[in-house]
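Q: Chains as they are written, first to last, in my numbering: chain A, 146 to 657; chain B, -17 to 266; chain C, 104 to 440.
Hints in this document: simulated from the structure, not taken from any laboratory. Keep in mind it's a predicted model, so treat the numbers as computed, not measured. Where hints are given, some of them may not hold.
What the hints assert, rightly or not - Here are the simulated lysine to any residue pairs, SDA-like style, with alpha carbons at most 25 Å apart:
1) A:Lys627 <-> B:Leu16
2) A:Lys544 <-> C:Leu160
3) A:Lys530 <-> B:Leu132
4) A:Lys320 <-> C:Arg188
5) A:Lys530 <-> A:Val495
6) A:Lys474 <-> A:Thr450
7) A:Lys320 <-> C:Asp161
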Amino acid sequence: MNRYRWCIVALGPLIGLAASGATPLRAAEPSTLVWAEAAEPATIDPAKVNVNQELTVARNVYDHLTNFELEHPDHLLPALALTWKRDGTDWTFTLRHGVTFQHGQPFTAADVKATIDRDLAIGQGQSYLVSDIKQVTVVDPYTVRITTQQPDVYLAANLSRIEIMSAADIAAHPKDHGEAYFTDHANGTGPYSFVSWTRGEQIILQRNTHWWGHFPDKPFDRVIDRFVTDAATRARGLEGGAYDLANFVPRDEALRIGHLPGFHLVEGNNLWAWPAIYLNNTLAPTSNIDFRDALVKVFDYDAMTQYYQGSSVTPRGPIPDWVPGSPEKDLAPIKQDIAAAKAALDKSGVKNPVMTCSVPSGFAEFAFAGTVLQASAAQIGITVKIEQLPFVQAIDAIKSNHSNCFILGNANLSPVDATKFLAAHYTTGGYYNTAHYDNPAFDKLVAQISSVTDPQQRYDMLKRASQMIIASHSIIWAARPKTDVPVPNHIGGYRIDPAEYINVRLWELYQK
Amino acid sequence: MSGSALAIRRARRLPPMPPAIVVIAWLAIAVLLLFALVPDWLAPHSPIALDILHRLQPPGLAHPFGTDEAGRDIFSRVIYGTRYSLGLAIVIVFSAALFGVAYGAISGMAGRRLDNLMMRVVDVFFGFPVLVLALAVAAALGRGLSSVALALGVIWWPGFARLVRGEVQRIRERPHVEAARALGVRGVALMRRHIIPFVVQEVNVRVTTDIGYALVAITALSFLGLGAQSPTPEWGLLIRDSRSYFGDAWWYLVFPGLMVMLTTAAFSITGDWLARDRHLGRGG
Amino acid sequence: MLGLLARRGAWSLLILFVVATLTFFLSRVVPADPAAFLAGQNASPEAVARIRAEYGLDRPLLSQYVAYMGGLLHGDFGRSIRTNRPVAEDLRAFLPATLELLIFSFALYLLASWFLAILAVRWRGGWVDGTIRVFTMLGSGIPVFWLGMALQFVFFYRLGWLPIGGRFPIRAIPPPPVTGFLLIDTLLGGNLHAFGQALAALLLPAAAIVINLLAVGTRMSRAALITEYARPYVRTARGKGAGPGRILYRHVLRNAIAPVLAATSIQFGYMISWVILVEVIFDWPGIGLYAYQSFEVFDYAPVVALAIVSTLVFLVISLGLDLLYPWLDPRMREATS
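Between the sequences and the hints, there should be enough to build the whole structure, so can you do that?
A: This is the structure:
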């Protein structure tokens, strides 16, 4: 019997230690914010960032020439640039004085030139937003002139997405544009400094008290960007207080958590489609336009609206109505019409209506949309097979013509420029043009829009471009929901940026 | 069972009645096999019909296991899923057993050199981590239940090979085998008539319990996304899908998991009983 | 002894070679294109081509294989496309987490399974034994990932006692890294509170692994013990007046060790396999999670590395256990000499 007693005696202190280690979650560090990110960034190099988890770091560590009002994205705000003016193909920016980088260097026009030159040379990330830039000239230390190939009315707005790096840093790492160095080093002028990156766990940011901008009362001094790849763990952790905020909480969980005591829901617009179903124009049977028409007409849009419990609308075209200059209101509403779908299927003459859909995993809404498509299409005898794959493999499947359809949700990173979105998703060679939509007239039209000065004319062109895509029946716009983010009541200032995915504007947050 | 009843059964050379729990396990397995073979007869609803208005309903009379995010009846989905989860487990284990027994028997009867070589090959597969092999196979052949079947089949046969080889080596030294050999019986005939019958019972026990473990492995691979794809209601995939709704819908996670647990338990109980029976029969 | 070691060593190398080759080729059968992922969306085709050349993805398969195997000899496992670092560096960063979890779980498992088996045999036929048997019956069928989620739900979500994941509380400062094992580093740093925190974080993932293995292992241990108890020498000992405790500890346990250890090494193999599942659910930054995340984006060098490392670990443990049998069980000593 002594042996058992001995075992228990030995276990006792261990249990005690474990119990003491079960720390109350928000103990002695109230000014630390824990943000649960859905994935670990591959890089924090501003020239290459373009997905959520990378932008979280870049947007907060670096600044941009301009900002914009979230409620009215066409109202640009001064940031590193104070004024801007366009003359034909020349944009001239006057810069803010007295700004320093986190490592001490003063900010001047040379930094703007070095950054943009590097971005264009590398050709990745968000550089597509400003790919029309031909030349950057340093007029004087606080004035910079940017020349584009054609007149570009959107450039100042798109520059709100280009993070400005230090010319000294860039010069210090010339080999291969310093890609190895900037992957995990960051020095910006922005509100939070990059402190450290523990692979597989988290990135730590520290508030930059020398920032030129304005912090609210009781801002967060330390931010832990934690990588939590599992959506259910993020939701559970948010609810239980392990994380203060979390990215991409599955919608049902988000709504439920947001209505719990201790939480509130922040609602906003930022999703252009969530999701949109892309039908492959180059693979049978979806290569047949009437077959695609049948799919567009048979889809049960109401099911999606019900799924979103009313906070979603059925889109009429690619551009949401809350985007400045959107033609959405003038487009025809889209509804399920089974009889017309049957007619279209008959007209198509497709004998063996079987198709595959590659769906990115990890997004409950995409899986659901795939299920709705399956069930709807089955009503007129079309068999839809679904394959859930990680994002890269799913998009690869449709691009290499192994799949008839792909489900995607997207936001537009530019606050006012719809042409970049249209180019990426619908022009020939666009990265997200997974429908393989190929229309030279469309390509030409989209390329011209940003040079047009007259807003009414731009509006008409956007409308025409939208109608071209709609007529091709290449996309089923399943839903356009509002974005709901559950925020704990001890955090104030969270807002949703309409030109971003879910992200966090750390400089606006404060402890309540 | 009373002493006289037992005596009667012994006299008539009938096997002793199994305990109640084993009978329950058999009934459960019978029901599961029915689920796998004729789900249309037994499932109250269609496994794929959508009913958005009744999504994520808690368990009730209409839906004993509740409904999922598309309003589908989880109980029906579990029934239809049986053939994918359990069915595949049975196929994998049986195939592995067939190959493993043959391999092990040959190795057991072979001379030392060949035996050593064959066992080394077995060693390679033994050390191979299941999941990593499954990842590699999925990388090569794509995701889906066939990749899972291949990966698991490759991992499973070595266990049988080792088991059978050990048993064969033990048995071939036995007097009755010596006698048969002296009488001129050789090779395959020797194995078939004098060795294999004694090995079979061991293998049966292993097959029975392994079906449960194979089931767990299949669900694990589907959980990672390597196995069944939507809308196949394979149990592991159900558990995977349930994660996004877990806070709202505990039943979505709990019931498929319980099915896996109880199915494996039923097979384990049966396997254990077969093993005990073997001990009794042999006389220690 | 040395001869045995040398032979085993040679065979182990061969096994590792086969494992590496098999995984390498399996992962390259379908020419997936990770370059596009690395280049990022909206990248120009030139950028993508540049990256492809940089990573040697455009070279013929055989030359990639030769280069890879050559690199292995230097401990170079290639480069991870996802993390943009040498895989060896990533392994060094993530291996301690996995090892700590495995060793902790295995130690817990050994203690618990022996404890339970002894309990079951000591009070054979009673309610203790019955409960344990029910547990082993049901527990062997619980999928590890399901159990992990259930544990999270109960202990974090409902009770708030233990963390939802990770190795260490998020807001706390981890100890200075010495070995990479938090349980050791916290003690080395003299911080008992931090030790408790690291221990608390280990509990749920380890429990998920252990409970499932326990159910299976206890059955095997119990069966082995029962077989031992049926042997003639036990009757003799009892006839000589030895009490049940003495019989158990001095005779039965010792003799039952060999078959139990054999089963144990198989268990360890399963454990290594299922550690990926546990790491995914608990966000445990180990090599399992690392390899899985890489797999998701066509980055296969980590997967091959994981195959090699886990096979190596398994081989080492098997060898250790095999060497242990003769030492523990004299009957085996004769057989192997």
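Q: The structure should be examined with respect to each hint, and the outcome stated for every one.
A: Hint-by-hint comparison with the structure:
{"no.": "1", "hint": "A:Lys627 <-> B:Leu16", "verdict": "violated (46 Å)"}
{"no.": "2", "hint": "A:Lys544 <-> C:Leu160", "verdict": "holds (19 Å)"}
{"no.": "3", "hint": "A:Lys530 <-> B:Leu132", "verdict": "holds (22 Å)"}
{"no.": "4", "hint": "A:Lys320 <-> C:Arg188", "verdict": "holds (17 Å)"}
{"no.": "5", "hint": "A:Lys530 <-> A:Val495", "verdict": "holds (17 Å)"}
{"no.": "6", "hint": "A:Lys474 <-> A:Thr450", "verdict": "holds (19 Å)"}
{"no.": "7", "hint": "A:Lys320 <-> C:Asp161", "verdict": "holds (23 Å)"}
Consistency with the previously given hints fails for number 1 only.
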